[in-house]
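Protein chains in written order, with my numbering: chain C, 1 to 115; chain S, 1 to 111.
FYI, nobody ran anything at the bench for these hints, they're computed from the structure.
From a predicted model like this one, the values you see are computed outputs, not experimental measurements.
Any given hint could be a false lead.
Partial list, computed: chain C residues near chain S (C-beta under 8 Å) [stated by the list, open to error]: (1) 45; (2) 87; (3) 90; (4) 99; (5) 103; (6) 108; (7) 109.
Residues of chain C clear of chain S, computed beta-carbon distances all greater than 10 Å [unchecked claim]: (8) 14; (9) 62; (10) 63; (11) 67; (12) 114; (13) 115.
Quick reminder that beta carbons are idealized off the backbone N, C-alpha and C, glycines included.
Listed below are the residues making up each chain.
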Amino acid sequence: DSGVTQTPKHLITATGQRVTLRCSPRSGDLSVYWYQQSLDQGLQFLIQYYNGEERAKGNILERFSAQQFPDLHSELNLSSLELGDSALYFCASSVEGYSGANVLTFGAGSRLTVL
Amino acid sequence: GQSLEQPSEVTAVEGAIVQINCTYQTSGFYGLSWYQQHDGGAPTFLSYNGLDGLEETGRFSSFLSRSDSYGYLLLQELQMKDSASYFCAVRDLDSNYQLIWGAGTKLIIKP
């Protein structure tokens, strides 16, 4: 157990729907990162929050949004889902991170299947 | 632009040594990291090089040459459990200091 908790582990939904993925960072970590990994692909950075503040944005679609709450947990909202959004979504956390970090601790991921 | 190159697949024999190379092109360099990911699992941090030279952690070592924009991960005494994908990642100025990831190297270990 990495200490980073992601829910749900699996999610199957239909095109056009909206889902919310949840992440609780490791205790003491202030930064949360969201990544997307499509089948047999590398990790695509989506967005980073540090202590409630958005710090960096990557290749995040306008249909996707995220936030980090005062208790430091984070949610990634995916709307108007398309087949191509099917992927593993990872949350990671780090102690440092005001300007990114080299050492990230990843959660087990949420596998999203859009039918 | 930013890019990282690593072989897509490497095959080795149990007990042997294998080296996974990574070359990078970034604007501003803030360290080279290596992560391991088993099929269906989460990436796990293995090693970090901020300065030139070799870092050793048990059976795994990582090397960096900033002048060559090159690094490698060395795995010794290979075990079947080392079968996984290995990613190099670099923090980049243009990406707002976020990790830029290679496409990953799938390590296949044969008995």
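The hints, checked one at a time:
1. Annotation: residue 45/C was flagged as interfacial toward chain S, and the flag holds, the nearest CB pair being 5 Å apart, inside 8 Å.
2. With a least beta-carbon distance of about 13 Å to chain S, the hint placing residue 87/C at the interface is violated under the 8 Å criterion.
3. Using the Cβ-Cβ criterion of 8 Å, the hint placing residue 90/C at the interface with chain S is satisfied: the shortest such distance is roughly 6 Å.
4. At its closest, the beta carbon of residue 99/C sits 4 Å from a beta carbon of chain S; the interface hint therefore holds under the 8 Å criterion.
5. With 8 Å as the threshold, the beta carbon of residue 103/C comes within range of chain S, its nearest partner Cβ sitting at about 5 Å, so the hint holds.
6. Residue-level restraint check for residue 108/C holds (minimum Cβ-Cβ distance to chain S is 5 Å; threshold 8 Å).
7. Evaluation of the residue 109/C hint against chain S yields a held restraint, the C-beta minimum of about 6 Å falling below 8 Å.
8. The beta carbon of residue 14/C sits about 24 Å from the closest Cβ of chain S, which is more than 10 Å, so the claim that it is off the interface holds.
9. At the 10 Å boundary, the C-beta of residue 62/C stays outside the reach of chain S, the nearest C-beta of that chain being 18 Å off.
10. The beta carbon of residue 63/C is kept farther than 10 Å from every beta carbon of chain S, the shortest such distance being approximately 21 Å.
11. Residue-level check passed: residue 67/C sits 18 Å from the nearest beta carbon of chain S, beyond 10 Å.
12. The beta carbon of residue 114/C is kept farther than 10 Å from every beta carbon of chain S, the shortest such distance being approximately 19 Å.
13. Listed as a non-interface residue, residue 115/C keeps its Cβ farther than 10 Å from every Cβ of chain S; the least gap is roughly 20 Å.
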